[in-house]
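Peer 1: Residue strings, one per chain:
2 protein chains.
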Amino acid sequence: MSSVVRVVSFGLGPIGLAAARLALQKTTVQLVGAIDIDPAKIGKDLGELLDLGRQTGVVVEGDAEKALQRLQPDAMLHCTSSFMPMVKDQLLLAARCGVDVVSSTEELLVPEMQHAALAKEIDAAAKAGGISILGTGVNPGYAMDFLAVVASAVTFDVQAVKCTRVVDAGTRRLPLQKKVGAGLTKAEFQKQMATGRFGHIGMRESVALLARALDFKIERIEQSVEPVIAAEDLKTQFLTVKEGQVAGIRNHGYGYIGKRPVLHLDLSMYVGAPDPRDEIVLESTPPIHLKFLGGIAGDQATAAILVNNLHGVVEAPPGLRTVLDVAPPRLCR
Amino acid sequence: MSSVVRVVSFGLGPIGLAAARLALQKTTVQLVGAIDIDPAKIGKDLGELLDLGRQTGVVVEGDAEKALQRLQPDAMLHCTSSFMPMVKDQLLLAARCGVDVVSSTEELLVPEMQHAALAKEIDAAAKAGGISILGTGVNPGYAMDFLAVVASAVTFDVQAVKCTRVVDAGTRRLPLQKKVGAGLTKAEFQKQMATGRFGHIGMRESVALLARALDFKIERIEQSVEPVIAAEDLKTQFLTVKEGQVAGIRNHGYGYIGKRPVLHLDLSMYVGAPDPRDEIVLESTPPIHLKFLGGIAGDQATAAILVNNLHGVVEAPPGLRTVLDVAPPRLCR
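Chains as they are written, first to last, in my numbering: chain A, 4 to 336; chain B, 4 to 336.
The set of hints was computed from the structure by calculation and includes no laboratory data.
One copy or any two copies: either way a pair holds, since identical chains are not told apart in the list.
No more than 20 Å apart at the CA atoms, straight line, and that leaves these computed lysine to any residue pairs for SDA-like:
(1) Lys-220 <-> Arg-336
(2) Lys-294 <-> Val-169
(3) Lys-245 <-> Glu-235
(4) Lys-220 <-> Ser-6
(5) Lys-294 <-> Pro-277
(6) Lys-165 <-> Arg-336
This is chain A alone, in the form it adopts within the complex (with noise of 0.2 Å):
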């Protein structure tokens, strides 16, 4: 772990400035370049992108083929989208250019879920290339899935699991307040909602991870998405909730053996939720009943996630991996 990752970051989104700034933090991390599409960002240097006040000598590049062949990292923070046909091209240039990968890609938590095809194409890119590529994140990816199955290793028998996040999206960025629909009327939420807009991506992957994990046969996946309305008038630093409104979202996640929920993920994000925390109960012999009080926060956390596998993906053999089957992650300085 002492050992020097030569990184690229790519995607300087929301998360991936985030990841990046991390990055740059860590003496065993050296972030030697990055790439993004946006005009807008390419050409400045990443202390601008970042507000650091200082140059940080790395500019943001837009052709990644150029870049990723003249910097030849080690690694690359992946932050571009959440689908894996959008990834595809980059992840095939990832394995060509010998870069590991590490992703938060949603899809890529279970890769031959809905692209069956594609993981199969993108393993075997990544074998050729003696590349890894790990697709990871909070949630999904950690919270609500990995930390279950983590916990289901010092029990003799599960049948039934139950995931409960609480974030009070009070707490956090503007963007994330919009993306729960907080200050919407009901009405303007239900048009919206008809767009597939609200609703986390991800619950799908998460309930098909444990599934997987715990070796439950389950049928079928569901998933249900509901706003939540203010009881009052709430305010947050950026907006505020009018009594009656839409504070944010209540989304259920639910993997199915006949009638019954055995995997029944239930995140709730919204404006003044109480009591924010993650907890895992596993209906299990011996019960299991685990919670971060506080819950875990979900900006920092997906930036630090990210970031504390790059030395695990460096390691692990190469292929399209798993949060399943590399060594746990864990901090890196």
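Model the placement of chain B on the given structure of chain A, informed by the hints.
Peer 2: Same frame as chain A, now just chain B:
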């Protein structure tokens, strides 16, 4: 994970027997043999030793080499001794016979800490034999070390770790109640204490594992053991502790940087201990506070984690591995 692992139980003390009992219930594990040195056990069917009320067809053998050569199992559940020098020959035998090993030997958690040369020798033999060896357990191996490592994955930085484990010894088996000195007078306890009889084996290993995993440059490890005195008469299923007698132990482990114990493990095991639990607090960015309500059941959980690592050790690359560099443990069916 769905292929069947053929397994031999090597060592049939309380933990070895509990692991064997669990292995017999698994559909992806086939228990094909059992080995022990106790003449009272050799020749008996495991069903008899486990009070199953039926024969299992697995008869305890005394000659390990003969048994392994004949049975050619994929892996062994190894529960013979806490100390590496005592298990060296058994592990070298496993390497010669091509049998992967999941071991409860506490010193294998951080093999190089106390036995660097021996660790190298075992690692080389394992690689030559194409097998992997993993030392694990609940404590050490999970409750007061591994969980904190996994929790660190969602942090930017960790300044200090505190792990608290509280076990109500009154709910546990008699040997454990005796092991913590329940029912002794304070004078008897102090006398036996001088012989090193008390104190949990593996405390130093847990501290060392945390230091290694989270890259704390600790300068020394210390531990202390003190008796917990009963404030009132306490009755368990097996014995009575009178007011003023010893109810059990409090065992601290510390990893120091200078004068600061940056790693602090606090283990209470006594009859009547209130609020049994496992708790991890990371002084970190963001802060982490994790709690297993009710605590992780000691004996059951240890049997479980050994059996649940069988598939992982079979899939791991050859060598002397640790819980930091194999895939995270999870329930096997």
